[in-house]
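A.B. asks: Chain by chain, the residues:
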Amino acid sequence: GQQVMQIPQYQHVQEGEDFTTYCNSSTTLSNIQWYKQRPGGHPVFLIQLVKSGEVKKQKRLTFQFGEAKKNSSLHITATQTTDVGTYFCAGHGTYNTDKLIFGTGTRLQVFP
Amino acid sequence: EPEVTQTPSHQVTQMGQEVILRCVPISNHLYFYWYRQILGQKVEFLVSFYNNEISEKSEIFDDQFSVERPDGSNFTLKIRSTKLEDSAMYFCASSPGTGLNTIYFGEGSWLTVV
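Those protein sequences? They're chains U and C, same order as listed.
If you count the first sequence from 1, position 60 lands on 560 in this note's numbering, and the numbers rise without skipping.
If you count the second sequence from 1, position 107 lands on 286 in this note's numbering, and the numbers rise without skipping.
No lab work stands behind these hints, which were simulated from the structure alone.
Incorrect hints may appear among the rest.
Said to hold, decoys possible - In the SDA-like style, the derived pairs of lysine to any residue whose C-alpha atoms are separated by at most 25 Å in a straight line are:
#, chain 1, residue 1, chain 2, residue 2
1, C, K236, U, Q511
2, C, K236, U, V513
3, C, K257, U, K557
4, U, K536, C, K262
5, C, K221, U, N524
6, U, K559, U, V584
7, C, K221, C, N207
8, U, K556, C, N280
9, U, K536, C, W289
10, C, K221, U, H575
11, U, K536, C, L218
12, U, K559, C, K262
13, U, K536, U, Q609
14, U, K559, U, S526
15, U, K559, U, F545
16, C, K221, U, V513
17, C, K257, C, I205
18, C, K262, C, E238
19, U, K570, C, K262
20, U, K557, C, E238
21, U, K559, C, N280
22, C, K236, U, Q609
23, U, K570, U, E515
24, U, K557, U, G501
25, U, K551, U, V584
What the hints assert, rightly or not - Have a look at the derived ranges for each label pair, beta carbon to beta carbon:
#, chain 1, residue 1, chain 2, residue 2, range
26, C, D241, U, R560, 24 to 32 Å
27, C, N231, U, E515, 43 to 51 Å
28, C, R259, U, A578, 26 to 34 Å
29, C, E197, U, A578, 29 to 37 Å
Claimed, not checked - To list a few chain C residues with every Cβ distance to chain U over 12 Å, as calculated:
#, residue
30, S206
31, K221
32, E235
33, T255
34, A272
35, S274
36, I282
No residue lacks a Cβ here, since even glycine has one placed at the ideal position from N, Cα and C.
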C-alpha cells in the first residue's frame, strides 16, 4: 500500500537554529497537508499545498511540494521553544478519496 | 472558532467489552472521520462517513468496528469486543467537503484496554 515516510524521526535543536523535515511518498499525491501535534495533543492543520512545485510561507515556516508531487518539506527558520511538537505531513492519494495518509512524523525538541 | 468535541477524553475498559466513543463534529460540516494513533506512532485513517453512510474505510476498520450518526449532531464509533491492541488515541474529525478540504481534528479519546 501507499506509504509516506518522514525524516528525520527525531530532531533536537538549540533555540534559534533552523529545522527541516522531509516527507516522501511511495506514490503521487493529489495534495500535501502539514499538521503539528503538541505532546499529548491532537493534530492541528497548518497548511495545504496542491500544485506541483508549490512553495508557501507562514512567518518562519516554509513549505514546499515537490515537482513530482511525491515529496514535500517543512523548514522552520530560527526555531523557538513554542515550535516543540511532532510535525506530520499527510496527503490524499487521489482526488476522489477521503483517506488522508499520514507520514511517520518528525518529533522536534527545542532547547532554550 | 468552531471545534470538534469528543467524549470521553479517556476510557479504560476490560478486554472483550464494548466501547462507544462520541464526537460532535463542526455543525456545517458534511464529512466525518475517525482516525487512530497508537502511542508514539503515526495517525491512521479508520473510516469516513458522508450522507449517513460509510464512504470509505481502511483495512483496520474490520467487523468489530461500526460508526453511526444517531441524531443530527453526534457521530459515534463503536468497538464491539475490544482487544488489547485497540488501545490507542481515537481522533474524530470533520470537514466541509472531501478531497482537498481542511480536516479539523478533535482532541481525541484515549482508550486503554486492559
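A.B. asks: Indicate, hint by hint, whether the structure satisfies it.
C.D. replies: So, going through the hints one by one against the coordinates:
For the given pair, K236 (chain C) sits about 33 Å from Q511 (chain U) by alpha-carbon distance, which is inconsistent with the 25 Å threshold. A threshold of 25 Å between alpha carbons decides the hint, and for K236 (chain C) with V513 (chain U) the separation of about 39 Å lies outside it, so the pair is violated. At roughly 40 Å between alpha-carbon atoms, K257 (chain C) and K557 (chain U) are farther apart than 25 Å, so this suggested pair is violated. For the hint pairing K536 (chain U) with K262 (chain C), the CA-to-CA distance comes to about 29 Å; that exceeds 25 Å, so the pair is violated.
For the suggested pair K221 (chain C) and N524 (chain U), the alpha carbons sit about 14 Å apart, so the restraint of at most 25 Å is met. Between K559 (chain U) and V584 (chain U), the direct Cα distance comes to roughly 16 Å. Compliance with the 25 Å bound is thereby established for this hinted pair. Distance hint between K221 (chain C) and N207 (chain C) is unfulfilled; the C-alpha atoms sit about 28 Å from each other, more than 25 Å. Note on K556 (chain U) and N280 (chain C): the hinted pairing holds, with a Cα-Cα distance of about 17 Å set against a maximum of 25 Å.
Using a Cα cut-off of 25 Å, the hinted pair K536 (chain U) and W289 (chain C) holds, with the two alpha carbons roughly 19 Å apart. Taking the CA atoms of K221 (chain C) and H575 (chain U), the gap is near 20 Å; set against the 25 Å cutoff, the hint holds. Proposed proximity of K536 (chain U) and L218 (chain C) is supported: the alpha carbons are some 16 Å apart, at most 25 Å. Only pairs whose Cα atoms come within 25 Å are accepted, and K559 (chain U) paired with K262 (chain C) is rejected, the gap being roughly 44 Å.
About 13 Å separates the Cα atoms of K536 (chain U) and Q609 (chain U), which keeps this hinted pair within 25 Å; it holds. For the hint pairing K559 (chain U) with S526 (chain U), the CA-to-CA distance comes to about 30 Å; that exceeds 25 Å, so the pair is violated. Between K559 (chain U) and F545 (chain U), the direct Cα distance comes to roughly 15 Å. Compliance with the 25 Å bound is thereby established for this hinted pair. Of the pairs offered as hints, the one joining K221 (chain C) and V513 (chain U) holds, with about 22 Å between alpha carbons and a cut-off of 25 Å not exceeded.
Of the supplied pair hints, the one linking K257 (chain C) and I205 (chain C) holds, its CA atoms being roughly 20 Å apart against a limit of 25 Å. A C-alpha spacing of about 16 Å is found between K262 (chain C) and E238 (chain C), which places the hinted pair at or below 25 Å, so the restraint holds. Note on K570 (chain U) and K262 (chain C): the hinted pairing is violated, with a Cα-Cα distance of about 36 Å set against a maximum of 25 Å. Of the pairs offered as hints, the one joining K557 (chain U) and E238 (chain C) is violated, with about 36 Å between alpha carbons and a cut-off of 25 Å exceeded.
For a cut-off of 25 Å, the pair hint linking K559 (chain U) to N280 (chain C) stands: about 22 Å separates their Cα positions. For the hint linking K236 (chain C) to Q609 (chain U), the alpha-carbon distance of about 34 Å lies beyond 25 Å, and the restraint is violated. With a C-alpha separation of about 31 Å, the suggested pair K570 (chain U) and E515 (chain U) falls outside the 25 Å cut-off, and the hint is violated. For the given pair, K557 (chain U) sits about 31 Å from G501 (chain U) by alpha-carbon distance, which is inconsistent with the 25 Å threshold.
For the hint linking K551 (chain U) to V584 (chain U), the alpha-carbon distance of about 28 Å lies beyond 25 Å, and the restraint is violated. The hinted window of 24 to 32 Å between D241 (chain C) and R560 (chain U) is violated, with their beta carbons roughly 43 Å apart. At about 49 Å, the beta-carbon gap between N231 (chain C) and E515 (chain U) stays in the expected band of 43 to 51 Å. Distance hint check: the CB atoms of R259 (chain C) and A578 (chain U) are about 50 Å apart, inconsistent with the given range 26 to 34 Å.
A hinted range of 29 to 37 Å for the beta carbons of E197 (chain C) and A578 (chain U) is inconsistent with their spacing of about 50 Å. At roughly 18 Å, the least C-beta separation between S206 (chain C) and chain U is larger than 12 Å, which holds for a residue marked as non-interface. A cut-off of 12 Å between C-beta atoms contradicts the statement that K221 (chain C) is not in contact with chain U; the least separation is 5 Å. With a least CB separation of 5 Å from chain U, E235 (chain C) falls inside the 12 Å interface cut-off, contrary to its annotation.
The claim that T255 (chain C) lies off the interface holds: its Cβ sits roughly 18 Å from the closest Cβ of chain U, which is beyond the 12 Å cut-off. Under the 12 Å C-beta cut-off, the non-interface status given to A272 (chain C) relative to chain U is violated; the minimum distance is some 8 Å. The claim that S274 (chain C) lies off the interface is violated: its Cβ sits roughly 9 Å from the closest Cβ of chain U, which falls inside the 12 Å cut-off. Its beta-carbon lying about 6 Å from the closest one in chain U, I282 (chain C) breaks the requirement of being farther than 12 Å from that chain.
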